[in-house]
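A.B. asks: In case you want the letters, here they are:
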Amino acid sequence: MTLARILRHLLRYSTEFRLGVILLGVVAILAALSFASPYPPLDVYVVAPDVPPSRAHVFGTTSRGQDVFWQLTVAVRNTLLFGIAVAFLSRILSLVIGLISGYKGGWIDRVLMSLNDTFIIIPLFPLLMLFYFVMRDSMTWAMLALIMSFLGWAYDARLIRSVVMSLKRREFTQTGIFSGMTTREILMREHMPHVMPIVFSTTMNNINWSIGLEVTLSVLGFTDNNTPTIGGMIFWANQHSAMVAGVWWWIAFPVAVVVMTFVGLFCLALSMNEYIDPRSRWSRMSGGSA
Amino acid sequence: MRGYLQYFAKRFGQFLLVVFIGINLAYVITRATPIDPIEQSIALATSFGNSSPEAIDAMRRSLRELYGLTGTPIEQYLIFWRRVATADFGPSLSAFPTPVGALIARALPWTIGLLAVSTLITFALGNLLGGLAGYYQRSRSLKALGIIAIGLHPIPYYIVALVLLIIFGFVWPVLPISGGAAMNLPQGFNAAFLGSVARHSILPALSLILVGLGGWFLGMRSLVSNIVAEDYVVYAELAGVERRRILWSYVMRNALLPQFTGLAMALGGIFNGAIITERVFGYPGVGALLVDAVYAGDYGLVLGVTTMSIVSVSVGVLVIDISYPLLDPRVELK
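If you're matching them up, the sequences are chains A and B in order.
Going by the numbering used here, the letters in the first sequence line up with residues 4 to 293, in that order.
Going by the numbering used here, the letters in the second sequence line up with residues 176 to 509, in that order.
Since the hints were derived computationally from the structure, they do not count as laboratory data.
Think of the CB as a built atom: it goes at the ideal place given N, C-alpha and C, for glycine as much as any other residue.
Don't take every hint at face value.
[Stated by the list, open to error] With the C-beta cut set under 10 Å, the calculated list includes, among others, these residues of chain B facing chain A:
| no. | residue |
| --- | --- |
| 1 | L438 |
| 2 | F446 |
| 3 | I485 |
[As the list claims (entries may be wrong)] So the derived label-pair ranges between C-beta atoms look like this:
| no. | chain 1 | residue 1 | chain 2 | residue 2 | range |
| --- | --- | --- | --- | --- | --- |
| 4 | A | D140 | B | I231 | 18 to 24 Å |
| 5 | A | W251 | B | A291 | 31 to 37 Å |
| 6 | B | D211 | A | T143 | 15 to 21 Å |
| 7 | B | A291 | A | R58 | 50 to 56 Å |
| 8 | A | L22 | B | Y179 | 45 to 51 Å |
| 9 | B | L192 | A | L22 | 28 to 34 Å |
| 10 | B | R428 | A | D140 | 49 to 55 Å |
| 11 | B | S314 | A | L22 | 20 to 26 Å |
| 12 | A | I9 | B | F435 | 29 to 35 Å |
| 13 | B | V338 | A | G28 | 23 to 29 Å |
Modelling step: build the complete structure from the supplied sequences, incorporating the hints.
C.D. replies: Okay, structure coming up:
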């Protein structure tokens, strides 16, 4: 039941998983190319503006005199990094809270879960906008990532909790307790491996969620627009009325890449979810490793 | 009945907690800032022309009072809560001297009308189609629908709205792309105005439905395809119960329960959706109001809309929660 084995299984049998890997592979290569960019990402007017896609500029150039292709590579890298950072930080929160809440039960569980439900219900977008409103230009990329991971853990913590609650009643947990393992050891060594597939699929969903919010916030102009991101590119394109001016390539390519990222991540999460569907998972686990 | 009262008390406690934490978050966010909103407003106001130092000082004092920044921290905190409780956020700075409450009251019907209706349509349509797709698993058209739903689902809302705007605004301009109703019509209950409202709401509603449909569809499909394999459904089939009746009263009814809790969460997302939809389609609702308030630096209005959205979302969730036992009699037993 290790994660690596599950991934190998999915690669062999799931079409969605393969599609996701291919799409994200292309996006990742694009992001990696940013290190080979001939232009500094923050400089403007380094090439002739408004050139349609051609041999010299594969995706054309922007009205700000930037090469769309090379600008896009940096933007994709930053957007991906942002999503991964948010997902990583919020995974830690949801894992810790989900494991403790599910294993301990009682009043700890009740307190943590009402906190959890609160964060599920509270409308995030108005809060994020309020945050931008008070922070203004000191709202950095890292700060936004920190806030979003603080707000984005709740739903998955509940999912992890429900898995741990059923793991707790199983024999190996009792064996662990009788053989003198501490709570931390049981949670980390015994329960964690069972929770990892879910963490994997929620990670994909969480990256999607955070990138979606980041794109939306940037497009509205509510982030630090000096760091090139996909949303930032669309923001600047809108600022220069790219669609009306006929500079369609400035919007079309970032949109295409972000859609590829989304569909890719979603496919991965979907195939993983199908794999860990509770019914098939339990039949597999009781027949196999347990 | 006692079970229901207990359930109600628990839900109500959760509601109070949500409001409490939400409002406190809003308070902490506005106070934890390294930037002084007052100095910013003054800088904005004095950037054109000259103002005497006395005038600036007077402005600073009245702004401090307006923002509730006078007195000790505890007093400020209490002032903040009193304002929330009485829904009094003072006059708007960007639409002076209209009170913030009046601006929100004007915008709220638009947002609730557009978003509540499209959320409900999405919920009904997605669950219906998902249920059918889960029950009639061999149907080709339902399978194709599933692929479309999966394809559309992960695309960020903004992108879908933008594409619709380009298609129906530039490529094939048949629908109005901006505003809530035609400007030259008197507002009221007459056919011309209501028709105009409906026409203006098609594109924003369509974009919301397209994006939201996939989630309900996928959730319902997997729920139904699990339920179909349950013993009681197999038994009903063997006993010769009509297939249509199995689908509606045995399968869908049970699958709908978890989806109904999901509806509460979707309601929570209404204000997230409102902001972008209304911005893209120039719809005169609360979301557009919030975006404009942020651009204009209107502190009272931003805070008013934020707290209003927290409270109204919690109320919506509470209403769904307390009506849940009517659908699922088992809840009472807990």
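A.B. asks: Taking the hints in turn, state whether each one holds.
C.D. replies: Hints, one by one, checked against the model:
1. Hint status for L438 of chain B relative to chain A: violated, with the closest Cβ pair at about 12 Å, above 10 Å.
2. Hint status for F446 of chain B: holds, given a least beta-carbon distance of 4 Å to chain A, under 10 Å.
3. At a threshold of 10 Å, the smallest CB-CB gap from I485 of chain B to chain A is about 6 Å, leaving the interface hint in force.
4. The beta-carbon spacing between D140 of chain A and I231 of chain B, approximately 23 Å, falls within the hinted interval of 18 to 24 Å.
5. For W251 of chain A paired with A291 of chain B, a C-beta distance near 35 Å keeps the hint of 31 to 37 Å intact.
6. Remark: the range hint 15 to 21 Å for D211 of chain B to T143 of chain A is upheld by a beta-carbon distance near 19 Å.
7. For the pair A291 of chain B and R58 of chain A, the beta carbons lie near 52 Å from each other, so the given range of 50 to 56 Å is met.
8. A beta carbon spacing of about 48 Å between L22 of chain A and Y179 of chain B agrees with the range 45 to 51 Å that was offered as a hint.
9. Checked against the hint of 28 to 34 Å, the pair L192 of chain B and L22 of chain A fails, with Cβ atoms roughly 42 Å apart.
10. Roughly 54 Å separates the CB atoms of R428 of chain B and D140 of chain A, a value that falls within the hinted 49 to 55 Å.
11. Separated by about 23 Å at the C-beta atoms, S314 of chain B and L22 of chain A satisfy the suggested range of 20 to 26 Å.
12. For the pair I9 of chain A and F435 of chain B, the supplied restraint of 29 to 35 Å holds, since their beta-carbon distance comes to about 32 Å.
13. Between V338 of chain B and G28 of chain A the beta carbons are some 25 Å apart, a value that agrees with the proposed interval 23 to 29 Å.
Of the numbered hints listed earlier, those contradicted by the structure are 1, 9.
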